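Colleague: Top to bottom, those sequences are chains A and B.
Numbered according to the numbering used here, the first sequence spans residues 1 to 308.
Numbered according to the numbering used here, the second sequence spans residues 1001 to 1380.
Think of the hints as simulated: they come from the structure by calculation, not from any bench.
Since we're looking at a predicted model, the values are computed, not measured.
Ideal Cβ positions, reconstructed from N, Cα and C, are used throughout, including at glycine.
Treat the hints loosely; a few may be bogus.
To be verified - Below are the DSSO-like pairs computed for lysine-lysine, each with C-alpha atoms no more than 30 Å apart in a straight line:
{"#": "1", "chain 1": "A", "residue 1": "K122", "chain 2": "B", "residue 2": "K1056"}
{"#": "2", "chain 1": "A", "residue 1": "K116", "chain 2": "B", "residue 2": "K1193"}
{"#": "3", "chain 1": "B", "residue 1": "K1193", "chain 2": "A", "residue 2": "K120"}
{"#": "4", "chain 1": "B", "residue 1": "K1056", "chain 2": "A", "residue 2": "K120"}
{"#": "5", "chain 1": "A", "residue 1": "K116", "chain 2": "B", "residue 2": "K1056"}
{"#": "6", "chain 1": "A", "residue 1": "K122", "chain 2": "B", "residue 2": "K1363"}
{"#": "7", "chain 1": "A", "residue 1": "K90", "chain 2": "B", "residue 2": "K1193"}
To be verified - Derived coverage of chain A by chain B (criterion: at least 3 residues anywhere in the stretch with Cβ under 8 Å from a Cβ of chain B; other residues may be distant):
{"#": "8", "region": "93 to 105"}
{"#": "9", "region": "208 to 216"}
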Amino acid sequence: MDATEIGLWGVPLAVLGGAIRVSTPFIFVSLGEAITERSGRINLGLEGTLVFGAMTAYAVAVMTGSPWLGLLAAAFAGLCFGLFHGWICKFPGVNDIAIGIALMLFGSGLAFFFGKPFIKPKAPNLPAIPFGGWSDIPQVRAALDVNVLFLIGAVLSVILWWAFRNTRAGLILRVVGDSSDAARAMGLNPDTVRLLATGVGGALAGIGGGYLSLYYPGSWTERISSGQGLMAVALVIFARWNPLGCFAAALLFGGAGALGPALQSVGVTQGYYLFYAAPYILTLIIMIATSSPTRSLAGAPGELSITK
Amino acid sequence: MTDTVTGAGMPALFGARGYPPALEWVARRAEAFVIPLAALVVGMALFSLFIALVGKSPILLYETMWRGGFGSWFSIQNSLSRAAPLLLAALCVALPARLGLVVIGGEGAIVLGGVGAAAIGAALSGAPSSIVILAMGVVGMAAGGIWIGAVGALRHYRAVNETISSLLMAYIAIALMNQLVEGPLRDPASLNKPSTQPLADIYRIGNIPGMDVHWGLVVGVVACILSWVLIEKTRWGFAARIAGGNVRAAQVQGLAVGPLIVGFTALAGGFAGLAGMLEVAAVQGNANASLAAGYGYTGILVAFLARHNPLAIIPVAILLGGIDASGGLIQRRMELPDATVLVLQGMIFIVILFSETFYGRFKAFNPDLWKRPDLLRGTA
């Protein structure tokens, strides 16, 4: 077989490569949201955090020349958004879902406001490790060019999975998420725990945004996220609040997102926009399949408003 | 159940040390006006701070905003034109909200309503205009109604969270529109901007006589009034409010909660679909990507600002329409990005939601708090 002509084999290969490339923001946002939701609060505003993180990372990387400083700035911006959400939701009568919607709009608005001058310049990209270097086939090389953040995300999901079960912090998080009363009886302050959990969740979402603008697709535009932060929230429910499940689900979503472009590259252009909608359709189908009107979801934190 | 002492129908407890009964009625309702208004003012003050921080004059900004939104007959008409779809988009949030549902994907219903209307308008080409316009309205409402009604059905029968599903479905709807407008419904003559066949002029909806505002404004206002009557004056609205308060209690009372939820969400989606139909029939003249102009998202803010009261939606939609309309002038005169208006809307939205915490906390509005300080929310 000619090295450059791999024909239809290019599709699964492109989907695999796409899954690795596209899944990274899903991994970070969903791990962050898993931490937040385990504490009993839901932050729909992560969509806005993702967009704002993408803009911040890009702007800082353009100005300083360092993508890592950009990523750090995005994490800090995400932390601020998360802490704000956590702080405002502790007031009685304030609905965490509604505040999330507001922050979704506000985060996007701020990102578009400050991001206007950064649509043109070119920022330095985050580095990738060429795991496909052994191969002569360009498609294989492209598919196995793995960004460092993907690997960090994979490691982080294992660490979080372990930490939820085996550490004191993990236990505190789960108690607060399951019952505010039980937590108070243990001498814990649920509001403080949720504040921190939402802050950390926001920081991770900011990093996810930074990946978008600094690696893939690799530039800042106002359409950079198109609902990925929100899909990640749905993904956490599908993954049953389990960090390893989040990682697997993120790969699945990444693969779905890569299907349209992969088919287009081999000449299948019919229904391009419908393939483009594949991740949304997949999310919806998964939500329908895994929800149940008669019992609460297995593993759902008891205080979580979205599953009540 | 100490709460029962505050319930209506026990007048003996009111007015003793607070206000006379008549004044008390006023005081309780004043709360619903004063708190959102104060929140609006605080939101605008915070935005002034933001504008000052980026080095522009807040006074000039609000002056420009006033001029662009309401300063002349021309700008008032412009604001009213933008308020028309906002009225219907806000109903798409407000009606489900009375049932306790947070539906935020009205944009999807708008888009599909517009595409459906454009398709039927092209298909019936040649028929009398009244029939075609009616058919476009019906198809637009049906498309939007099925879309959001499905969200309600999924919520009730499958326990799928309506907030996430409606937003996902909005993205799916936009993809569907792009597919249809690029493919089967595309007018070959539309080169740079794929669109459906243009509607013949006789099928277009014109302006209200004497104004440069299309009839959609009237449709929106009528829809708001009808929705208010539905919620406040009919037994369906009463049942919806009960189900919104406590689903279990409503089921115990024998209310058919499922059909109620599907019916209300479908009607809500139908209004949003009607907004899409109006955009096609009165503004664009065909269906294209401009249908996803963000009215669905501004509608969320309108509904929350109006506290999901259909009558309050009317003034709020006009206000937000004015803010939207002034965006262009702000951009040109003050050299600010077009997202400036989005930032303002986001700030107002956050402050409005934050203000929810103040309801029932002020003695001026709730005279019984003089006697029963333990009723304060959060301390009870």
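Colleague: Please go over all the hints and tell whether each is borne out by the structure.
Modeller: Against the structure, the hints come out as follows:
{"no.": "1", "hint": "A:K122 to B:K1056", "in the structure": "holds, 28 Å"}
{"no.": "2", "hint": "A:K116 to B:K1193", "in the structure": "holds, 24 Å"}
{"no.": "3", "hint": "B:K1193 to A:K120", "in the structure": "holds, 23 Å"}
{"no.": "4", "hint": "B:K1056 to A:K120", "in the structure": "holds, 24 Å"}
{"no.": "5", "hint": "A:K116 to B:K1056", "in the structure": "holds, 17 Å"}
{"no.": "6", "hint": "A:K122 to B:K1363", "in the structure": "violated, 57 Å"}
{"no.": "7", "hint": "A:K90 to B:K1193", "in the structure": "violated, 47 Å"}
{"no.": "8", "hint": "93 to 105", "in the structure": "holds (count 10)"}
{"no.": "9", "hint": "208 to 216", "in the structure": "violated (count 0)"}
This entry does not satisfy hints 6, 7 and 9, going by the numbered hints stated previously.
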